[in-house]
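Participant: Each chain is listed here by its residues.
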Amino acid sequence: MAQIVGGVGTTHVPSIGNAIAKGLQHDPYWKPFFDGFSVAHDWLAQVKPDVAVVFYNDHGLNFFLDKIPTFAVGAAAEYRNSDEGWGIPVSRPFPGDAAFSWHIIEALVADEFDVTMCQEMLVDHAFTIPLALLWPGADNRPVRTIPIAVNTVQHPLPSPARCYKFGQAVGRAIESYQQGLKVLVVGTGGLSHQLDGKRAGFINKEFDLWCLDRLVGDPAALARCSTREIIEEAGTQGVELLNWIAMRGALTGRVTKRHSNYHVPISNTASGLLVLENHVQAELRKAG
Amino acid sequence: MKQDIQGTIMFDGAQAQKGLALNKMCFSFNDADNRAAFLRDEAAYCEKYGLTPAQRAAVARRNVLDMIEAGGNVYYLAKLAGIFGLNVQDIGAQQTGMSVEAFKAKLLAAGR
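Chains as they are written, first to last, in the working numbering: chain D, 1 to 288; chain V, 1001 to 1112.
Hints were generated in silico from the structure; no laboratory data involved. Mixed in with the good hints, there may be bad ones.
[Said to hold, decoys possible] Partial list, computed: chain D residues near chain V (C-beta under 8 Å):
1) Ser82
2) His155
3) Pro158
4) Asp196
5) Gly197
6) Lys257
7) Val264
8) Pro265
9) Ser267
[What the hints assert, rightly or not] Under the rule of at most 30 Å between Cα atoms (straight-line distance), these lysine-lysine pairs were calculated in the BS3-like manner:
10) Lys257/D - Lys48/D
11) Lys198/D - Lys48/D
12) Lys31/D - Lys1018/V
13) Lys1024/V - Lys198/D
14) Lys1024/V - Lys67/D
15) Lys67/D - Lys1018/V
16) Lys1024/V - Lys31/D
17) Lys1048/V - Lys67/D
18) Lys22/D - Lys1104/V
[What the hints assert, rightly or not] What follows is a list of derived Cβ distance ranges for each label pair:
19) Lys205/D - Arg1062/V: 27 to 35 Å
20) Val90/D - Glu1101/V: 30 to 38 Å
21) Gln178/D - Ala1044/V: 55 to 63 Å
22) Leu1108/V - Ser176/D: 46 to 54 Å
No experiment lies behind these values; they were computed from the predicted model shown. Each residue gets a CB set at the ideal place from its N, CA and C atoms; glycine is no exception.
Working from the sequences, and respecting the hints, build out all of it.
Facilitator: Structure follows, in structure tokens:
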């Protein structure tokens, strides 16, 4: 059976792509952000996941506002990035796992989550940058990937509670797969930031740190927030936190924190990193 | 959803409906040829996408708050801003009436 080894939440700010391309990891502006990933690299080298399931939001690369799915699951052998119009480098394609994707889709629909199914799906910076941060190197593709796009753009958005339940359903779907795969779940975006309106530049450190804490031990408390509350506390784009809530929902075992990092600002954004371990086997052994 | 968070316009159905032409034009800027076509003849490009007079005026004046008022979504508007070489600090400064340096200082201060 597939096993969920853990979850990672990380910021996906586009300018990170430029910083990587220009080799600015040790630049004073960027260093406190990039340094946060070394613990994640060591942990990933140790647990060696086979597949990464990535909850992210599309920013107008694959989906336009003419048709916006609430939850969309990729089911392709490969996922391509493309020009997003704002000058960040285009990534090489990422390998998929179409058979596993279809299993997840079947399981989700059986579980009453009627997702949009995508055999062709361009993945934007919200997918490519987190993977580049976790596995640095332009050609580094150690995992197969399954992108899951969550609508965090066009209101009405799925509620935090719905995203948490969706994540739980994805977790059940992963664990019911008959292949002995190790799976990492990733949630991208946030933390607090607002790009638009007179409140542009809004950042809320206190709320972000509360979220990072709740995501470890009490995600249900976060899931009880309304969308409006999250936007008020984290900004209009801080609502990308929904991807992190879905990620946390997918961790069905006993969850412990391996590492976290928080640094303000990266571009207009409070950056966050959270590495969570999911102890399923230990719990099963105890139960048995 | 109530639009009662100060300085914030929720991108809801009404905004999306109002902004469709503007956002559709910005979506086209994923293609470098379209960005070049816009730069060659901005008025003709806006005409081709059927922008409303308010949207055209906002684009002509490079006024982000007006674009948002006219239904623009910031993820799409960022593609337009990129054509002018403006990043999110530049448009943040414009929307808040601050200098770019003051806006960046505000972001730095938020981390302390």
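Participant: Please go over all the hints and tell whether each is borne out by the structure.
Facilitator: Hints versus structure:
Interface restraint check: Ser82/D against chain V, minimum CB-CB distance 7 Å, threshold 8 Å, status holds. Proximity of His155/D to chain V holds as hinted, the smallest CB-CB distance being about 4 Å (cut-off 8 Å). A hinted interface residue such as Pro158/D counts as satisfied when its beta carbon comes closer than 8 Å to some beta carbon of chain V; here the least separation is about 13 Å, so the hint is violated. Residue-level restraint check for Asp196/D holds (minimum Cβ-Cβ distance to chain V is 4 Å; threshold 8 Å).
The interface hint given for Gly197/D holds, since its Cβ lies 5 Å from the closest Cβ of chain V, which is under the 8 Å cut-off. About 21 Å separates the beta-carbon of Lys257/D from the nearest beta-carbon of chain V, more than 8 Å, and the hint is not met. Look at Val264/D: its Cβ gets to within about 3 Å of chain V, closer than 8 Å, so that hint holds up. Below 8 Å, beta-carbon pairs count as interface contacts, and Pro265/D has one with chain V at about 4 Å; its hint therefore holds.
The criterion of a C-beta within 8 Å of any C-beta in chain V is met by Ser267/D, whose closest approach is roughly 6 Å, and the hint holds. For the suggested pair Lys257/D and Lys48/D, the alpha carbons sit about 18 Å apart, so the restraint of at most 30 Å is met. A distance of roughly 45 Å separates the Cα atoms of Lys198/D and Lys48/D; the hinted pair therefore is violated under the 30 Å criterion. Proximity of Lys31/D to Lys1018/V is assessed by CA-CA distance (about 42 Å); at most 30 Å being required, the pair is judged violated.
Taken as a hint, the Lys1024/V and Lys198/D pair is honoured in the structure, with Cα atoms around 24 Å apart against an allowance of 30 Å. Note on Lys1024/V and Lys67/D: the hinted pairing holds, with a Cα-Cα distance of about 12 Å set against a maximum of 30 Å. With a C-alpha separation of about 16 Å, the suggested pair Lys67/D and Lys1018/V falls inside the 30 Å cut-off, and the hint holds. A C-alpha spacing of about 37 Å is found between Lys1024/V and Lys31/D, which places the hinted pair above 30 Å, so the restraint is violated.
Our distance criterion of 30 Å between C-alpha atoms is met by Lys1048/V and Lys67/D, whose separation comes to about 21 Å. Distance restraint check for Lys22/D and Lys1104/V: the Cα-Cα separation of roughly 21 Å lies within the 30 Å cut-off, and the hinted pair is therefore satisfied. Here the CB-CB span from Lys205/D to Arg1062/V is close to 32 Å, well matched to the stated 27 to 35 Å. In this structure the supplied range 30 to 38 Å holds for Val90/D paired with Glu1101/V, their Cβ-Cβ distance being about 31 Å.
Checked against the hint of 55 to 63 Å, the C-beta distance between Gln178/D and Ala1044/V comes to roughly 57 Å, which is consistent with it. Distance hint for Leu1108/V and Ser176/D: a CB-CB separation of about 47 Å, consistent with the stated range 46 to 54 Å.
Going through the hint list in order, the structure does not satisfy hints 3, 6, 11, 12 and 16.
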